[in-house]
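Chemist: For the record, the sequence lines run as chains Y and F. Numbering follows this note's numbering, with no gaps: position 58 of the first sequence is 706. Numbering follows this note's numbering, with no gaps: position 95 of the second sequence is 96.
If you are wondering where the hints come from, they were derived from the structure by calculation, not from laboratory data. Here a beta-carbon is modelled for each residue, glycine too, at the ideal position from N, C-alpha and C. Each hint should be verified, as a subset may be incorrect.
Simulated pairs of lysine-lysine, BS3-like, Cα-Cα distance not exceeding 27 Å [as the list claims (entries may be wrong)]:
#1 Y:K750 with F:K630
#2 F:K417 with F:K430
#3 Y:K701 with Y:K723
#4 Y:K739 with Y:K723
#5 F:K630 with F:K430
#6 F:K417 with Y:K674
#7 F:K464 with Y:K678
#8 Y:K739 with Y:K792
#9 Y:K778 with F:K630
#10 F:K462 with Y:K681
#11 F:K464 with Y:K681
#12 F:K464 with Y:K674
#13 Y:K678 with F:K462
#14 F:K412 with F:K379
#15 Y:K739 with Y:K750
#16 Y:K750 with Y:K722
#17 F:K430 with F:K419
#18 Y:K704 with Y:K792
#19 F:K462 with Y:K778
#20 F:K630 with F:K419
Far from chain Y, by Cβ distances over 10 Å, these chain F residues were calculated [what the hints assert, rightly or not]:
#21 T4
#22 L100
#23 L323
#24 A361
#25 G398
#26 M456
#27 Q484
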Amino acid sequence: MNNSRIGAPIEILLVEDNPGDVRLAKEALKENKVRNNVHVVEDGESAMEFLRKQNKYQNAPRPDLVLLDLNLPKKDGREVLAEIKADDDLKRIPVVMLTISKAEEDIIRAYDLHVNCYITKPIDLDQFMKVVRTVEDFWLTIVKLPPK
Amino acid sequence: MKTKFQTYLRISALLTVSIGLVVLLGWYLDILTLKSVLPGLTAMKVNTAVCFILCGLSLLLFQVKPAIVLASYLKQTSALIVIIVGALTLCEYLFGWDLGIDQLLYKELSASTDSSLPGRMAFITALNFLLVGLSLLLLYRAKLLRTSQAFLLIVVFNSLLALMGFVYGVESLYGIYFYSAMAIHAAMLFVILAAGILCLRPEQGLMELVTSDTFGGVVVRRLLPAAILVPFLMGWLRLFGERAGAYSTEFGLALFALSNMIVFAILIVWSGRHLHQLDVERKRAGVALQEREKMLEALFEHSPDAIIVVNQEGHISRVNRLAENLFGYTRDEFIHMTIETLIPERYSKNHVHHRSNYHANPSSRAMGTGLQLYARRKDGTEFPVDIMLSPVETSEGSVVTAVIRDITERKVAEEKLKITLEDLGRSNKELEQFAYVASHDLQEPLRMVSSFTQMLERRYKDKLDADANDFIGFAVDGANRMQVLINDLLMYSRVGTRGNPFEPTDMNEILGQAIANLRVAIEESHTIITNDELPAVRVDAAQIAQLFQNLLSNGIKFGANNTPFVHVSFSESSDEWVFSVKDNGIGIAPAYYERIFVIFRRLQTKAEYPGTGIGLAICKKIVERHGGKIWVESELGKGSTFYFTIPKPKGEYRP
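In isolation and in its complexed conformation, chain Y is listed as follows (with noise of 0.2 Å):
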């Protein structure tokens, strides 16, 4: 169902701080089916030269999906998420925001930016697991994707 790219391995940027929810992601991400590789960075400024290829991400692909956390180090989720979503280039990546905060102005602002859709990360990991999993799935297999 994947667009043209069928056997190339999918490539997810992980906006995350913390290692142990970085750790969970992989874990959840390695169950999957689908070939991915997993780039993390743990601040706003560091998605951002990842996005953009600047300094030592000078190599770094293209990702097809970014899981962002709300609250980063440096610049954090929502300034990130304005940044994407204000540059032509970058502005079709799906960008999943993957958080603890259930505020409502948190969610409301959040799809003011743009986000392509904001998740609550379930206390329970085996539900974690399941969120991590669907959202993948939805997004690299179910979801049409402009080409890159």
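Starting from the structure of chain Y, add chain F where the hints point.
Modeler: Quick look at chain F alone, frame taken from chain Y:
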């Protein structure tokens, strides 16, 4: 008192007018009785009758409001005509003229028996009219009031003389002046009329003595009529007796003197006693007055507030002791100062302006409403004050009493309270912020504990023994419970920090939402939920929905085993709505009525009734945020009723 004079005035005026008219009628119909009362006596002339009518009218017109110009014009014209007629008639007598005014209105057919000058009024009558007319004109000129009243007294004297002549049968007395004599009813009418005119200004001029309640007034009122009437009457009796031949002239004179002595002795003793009593009473009243004054003085002096009396020009006329203490000036210094001296310079300039405004519209009120007022002591220090002003009319003009209270202590206390409240508000805010942030940030590590314990279980379940699995179970359960606690705490702290503004809300709708949210629990427990028609109230809809939901869910959770029901109703008083949620569940012992509203307090074991014990604490916080109260009434085993109140907004909103 005043109306008594007015009544007499009216009667005398009307009497004058009507007798004048009657005499005129007598002339035209030729009825002797009407003209001269008794046959053989002098008749009242036509001109006399007309002049009486004019005088009576003029007097009556004094009763009309001065604003009516016609009336004032008429009354002056009437008086003027009377003067002219009187003066002309006098001239006729004095210079022997005949000006043709005597028979101008009525031609006497035959030369009357009593007069060789037909139709001409008596000399003395003419003089009386001249004086009455003048007094009517002069009465309203304050400076000439006494003259006017003196004229009237002369009129009375003339008339009494004429009357005496009639009574004693001395013709020369009523007809002395030249030829024509005054008619008897004319003489009486002059007395009545003069008294009536005197009543116009009963408290001024010569009349002041007659009407005043001083001792002099009493003496005049009691003795003057007697001094006139008694010798008059006694003289007549003496004359009557002598003429009847009852006694000789010497005996008659002795009788006359004796009876006068007796009557006056009695009268004087009677008046003296009355005066004595009056004097005693007045002295007594004077003492009482002094005592009252002393008491008022003491009240003024020892008032718990400083009092300063200020006149219209701002000069201080009186102060009490506290004012001296408060401002540091002595009494003598005060009375040489203006009130502006006591006001800090930056305000004193405006105060002169405010002061004149106040005098333009004086009323008892607080000074500078809504402003903080300051006063200045002699040493220049300032202190905050409250000032009440009240205008007082005195004999020295209108003054203002300023009651001044030093509110330094109150200000300090208020300031302290304000700071305490600010501190409290800040610390509350911080606490709420802390609870919110803490519970938010606590979730992250907790999720780590829970997730990785579960990861451990997942990966290594088969490689561990039963104990290890138990341990993992406890760890996961603990983490989960902590998760719930944190969420509850978050919700609790949000009641204060994340509330919505109060809007008019249909409480039925809110209750409906709460019931809908609990649909599963209601169906599973077969609880029957009923409610009264609820009012619309100004609330935070989301929070009140939460409140209903928590109370209903308690009712369901702790409901009766067989037929659980929950009923929601309300009542209202003038200042609040009272809502109640009643169930037939397990009930609560009175010892716990208060405790159940404390956060994380539970009465039941978790195994029987799950929950963290936050529900009612949140309810309490929501109700308190709305300014209401929440409480429970219950009986163990029979059920509980939770009540909460929402205060009504004052006057502005009615559903």
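Chemist: So which of those numbered hints doesn't the model satisfy?
Modeler: 1, 6, 9, 18, 26 and 27
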